[in-house]
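Enquirer: Chains as they are written, first to last, in my numbering: chain C, 1 to 183; chain D, 1001 to 1367.
Please keep in mind that the hints were generated in silico from the structure rather than gathered at the bench.
Using N, Cα and C, we set each Cβ at its ideal position, and we do this for glycine too.
Treat the hints with caution; some may be incorrect.
Partial list, computed: chain C residues near chain D (C-beta under 8 Å) [unchecked claim]: (1) G25; (2) V51; (3) L114; (4) Y133.
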Amino acid sequence: MRRDLVEAASRGDHEAFEVLATSAGDRLYAVARLILRSADLAEDAVQEAFVRAWQQLPSLRDPDRFDAWLYRLVVNACADQGRALRRWTQQVRSLPLDVAIGDATGSVADREQLERGFGRLKPEQRAVIVLHYYSGFTASEIGQILGIPDGTARSRLHYAIEAMRAALEADARQPAVARNRTA
Amino acid sequence: MTTDERFDESISIWLEQTAPTRLPDRVLDATFERTRRSRQQVRWGGLLGAMHLTRSTLVLGGSATIVVAAVLALSPRVTQPAVGELPTTPDAWSRVSIDSRWATAQVDALVAGPRGLLAILGETGSHEMQLSVSTDGRTWRLVPNEQFPSDAVLLPPPGSLRLPAVGTTHGFLFVAEGNDVWASEDGYRWQRLTDRARDQDLRAGRVLAVAVGGPGLIAVGSDNKAWYSEDGSDWTQAEVPAPPTASFEAQGLPAPIVSMQGVAVSGETYLAWGTARSSRDSNDGMQETVLWTSGDGKSWANVPDEEGIEPLRTVVAGPGGFVATDMNGIDDARAIRFSADGRSWETVDAFGSRVPSYDEGLVSSVA
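The following block holds chain D by itself, in its conformation from the complex (with noise of 0.2 Å):
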C-alpha cells in the first residue's frame, strides 16, 4: 500500500469511527412539526410549457410566503408611488412569480423606488444573482447582466450574504464587490457612479449594507467602516468607535475583527449591527454581536452588550423604532425584540407559540 493510500485510509477510518450513528428523534419530530405548517413552493414548470425560462415564487427571506399585489413603502425619505392600505386578510394577497434563468431561485431583497421594485435575485445554493425590475409588483422583466463588466458585479461582497442596495429618490442604487456604487434611474439601465478608484474614502473597508438616511444615504461594512454620502457619488468615512474589547481579552483572545453588517433607520434614528470576532486559530475563537447607533449617519456610537444580544437575523424599522430576530436557535423560542432608539432592547412576546421560523423571517416594511 502506498503513503497515499494509507493516508486516505487513515482518514476514511477515522471518519467512519468519529461520525455519529443516529440522528436523534427529537430533530425529526421538530423538522416535521415546522415542515407541516410550511408551503411548499410552487411549480409553475408543467405551466409554462416550452418556455425556457423557469420562475422562482416571489419569497421574502427564503420561504415560499406571499406577497401584497400594492408596492411596498420604505423610508420616509424614499418619494413613492401612493399606497392603498395593506391588505389584512389572507385572502387580499396574491401569490406573484419573477423570472429567473435558475432552476431554483429566491429573492434576497426587493427594493422601492419611485419608478417601481428592484428585486435581487439569488441562485439557491450559490452567491449568483440576478436583478429584476417591476412598475406595479406583478410584472417582472429580468435585467440585461450585458450592461456590467463581469458577472462578478452582481456577487455579494464578502461577509455578506445580500447585495447591498436601496431605492432613493432618483432610483436605486446598489454597491457591488470592490465599493463599486452603481445607480439607475429605472432599476433596467444602470451606470457606475464612483469606485475605489475615484474616491479615496471607498479604498478602506467593504461596504455590506446601505440605507437611505443622514445627509442622503448610509452604508455600513467590514473593518468597522462606515460611511456617508449626499447622491452615492462622493462618499465620507464615518465616525465609528472601536467595540469594548474587554470580553475578548478576558478569554486571552486578539482583539475581535468588527464588521457592520446592517443598517436600518427609523426617523432620525440610525441603528447598525453587525459582530466582533476573534479567534486563536480554527479551533478556538469567540463572536459577539455589536450594535451601533447614530443620529446623523457621520458619526456613530456603541450600544452596550448589557442583555447579551444574538447575532441578529432580520432588522426591520418603522417609524416607532426597531424589530429585530435573533439567532437564538431554531426552536420555538425564536427571540422577536423591540427597541424605540436602537439602545434599550426588550422582548417580545406577541406570537407566543408561533414565532416566525428560520426560514420566514420578517417582512421589510414601513407604512
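Looking at chain C on its own, in the form it has when it is part of the complex (with noise of 0.2 Å):
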C-alpha cells in the first residue's frame, strides 16, 4: 500500500504524496527539533525537506527507500537551517519537559547535563546521534540514509558518543556555583 503511494506520489499525485507527508511528518519533526533544538528551524527544515521530496520524488528509484531517503532530506535540510543561522541559544525553553517522566537517569540534573552535553555537540553529530538512538537505525542503516560508506558511519557514531560523554564529563567538572545557576 505504502510502495502504491510512493509510485503514485512520483507520478505526480499530489494527494497521495499527502498522505506520505501528513504520515511522516510527526517523526520527521522530533528528528528535526531534536537536532536543531529549535521549534522554529525545525519547522522550516521539515517543510523543506518535504517541499524537496515532492520535487526529487521522481527521481527516486526504490520507492522502498521512500523513508530512509525523507530522513536523509530532513538531516540536509536541518544542516541547511544551521548554516542559516543569525543567533542561536540554548533553547532549554523550546522543549519542554511537560510529561510524566519516568525517569530512568533518577534527577532532574541528569537531565539537564544531558541536555547541555548534547548542546555542545555540532549539529552533525547530534543528527547522528538522534538517528540511532530515537529513531533506532544501526550505524549502517545511518550511512544507507546519509550517503556515506558504513566505515564512515560507525566512525560518524563512534566519535559523536565520544563527544556526548566528553561534554557531560566537562559539565560535571564545571564549578558548584555554575551549576547551581542553572538548577
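Two chains, two frames, some hints: make the complex.
Expert: Written out as C-alpha cells, the structure is:
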C-alpha cells in the first residue's frame, strides 16, 4: 500500500504525496527538532525536506527506500537551517518537559546534564545521535540514510558518542556555583 | 547492565522524553501549498532504457525549472556569442537535461564563456561535483575528472556551497580548495594557473566567490579576505576593513570571524556580501550579514547595516544595480531587495503574494 502511494506520488499524484507526508511528519519533525533544538528551525527544515521530496520524488528509483530517503532530506535540511542561523542559544524552553517522566537517570540534574552535553555537540554529531538513539537506526542504516560508507557512519557515530561523553564529563567538572545557577 | 548500556539507555530515554509529539498542522498546510505550485523533476530513466548514465534535469538553484535555449549573458566584460532576445512567454522556453553520474543531481552554477556554457553539477545530498560543457545550451558533455589530480579539486571550499567559477574573455576559471586557480578555454581541458605555493597572496584565506571586474578578476573569501588579478595567474590581496564589532561586544561575544561569501558586479560598482559570526560555545553565538562595496575591486568599504538585512540567499547584478533575496523565513513574505549602489536598499513589492520560494531562487542573468 505504501509503495503504491510512493509510486503514485512520483507520478504527480499530490493526494498520495499528502498522505505520505502527513504520516511521516511527526517523526521527521521530532528528529529535526532534536537536531536543531529550535521549534522554528525544525518546522522550516521539515517543510523544506517535504518540498524537496515532492520535487525529487520522480528520481527515487526504489520506492521502498522512501522513508530512509526522507530522513536524508530532513537531515540535509537541518544542515541548511544550521547555516542560516543568525543567533542561537540553548533552547531549553523550546523543549518543555511537560510529560510524566519515568526517569531512569534519576534526577532533573541528570536530564539537564544530558541537555547541556547534547547541546555542545556539532549539528552533524547531533544528527547521528538522534538517528541512532531516538530513531533506532544502526550505524549501517545511518550510512545508507546519509549516503556515506558504512565505515564512515560507524566512525561518525563512535565519535559523536565519545563527544557526548566528553561533554558530560566537562559539564560534571564545572564549578558547583555555575551548576547551581542553572538549576 | 554495563556502564555503556546505562549510558545508551539514558540518552535514549532522554531523547524520547524530550522529542515533540506532533508536527503543527500549519507546517503541512504551508508545505502542501508550496508543493501544489511546484514542479516535479522529470524522470528520464524510462526513456533512456539501458543507458548507464542518469540524467539530471537542468535546474537553477535546485528546483526544476526551465531554461532558455539561448546562451545566458553575464558581465558586460565577457566577450560572448550574440544573444537574441530573451523569451517572454512560457512556451518559448525549452527544458534541457544534462547527463551526470549520479541518481539525483542539480546544477549549482551556470557560467557563460566566449565558446559556450559551463555547468557545475552537484550530487543531491553530497558535496561531489562534476563539470559539463555545451556550445549551444542544448547538448552537453561531461568534463573528464581524470585531468584533475584528485576529486578533491571539484569540491566547494569549506564555507561555501559552490565552486567559485566565472566566465572570462579567455574562457572559464574556477578556484578550487586550497586556492588553486584553474582555467580553460573551452571548459573541457583545464590547466592550473597558480596556487598557494606559487602566489603568497593566496596563502591567507579561502576564495569563496569570484567575478569578472576591477582590473580583470575579483575574488572574495574567508577571514575577511578579498583579492584581485588581471588574468588569474597573479593575485593581490585587496584592502578590506574589519567589520563593525559593536553589536557583538554588546552581547559579550568575542570579535567575529568574517566571511565574504559572494560578489556581484553592476557596471563599475562591486558588491560583496557575507557574514560576521561569533560564538562563546556551540549554544551561544550570533551571526550578522555584512555588505561591502568597491569601485575598483582593490579597496572595499563596509556598508552600514542600518536595516538589519537578513543573510542574503541570492544576489544578481544588472546594469541598473543589484537584486537580492534574503533568508528571512520561508513564508510568502520573503523579501526581494533592490539597490542601485549596493549601499541603499529598498524592498521590492513587484510580485505581491507570488514571491519566489526558497528553492527557486533567482535566475542569474544580465542582458
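Enquirer: Take the hints in turn and mark each one as holding or not.
Expert: Status of the hints after comparison with the structure:
Evaluation of the C/G25 hint against chain D yields a held restraint, the C-beta minimum of about 4 Å falling below 8 Å. Nearest Cβ of chain D to the Cβ of C/V51: about 5 Å, under the 8 Å cut. The hint holds. Taken as an interface hint, C/L114 checks out: its beta carbon lies about 5 Å from the nearest beta carbon of chain D, inside 8 Å. Interface hint status for C/Y133: upheld, as the beta-carbon distance to the closest one in chain D is roughly 5 Å, under 8 Å.
The structure agrees with every numbered hint stated previously.
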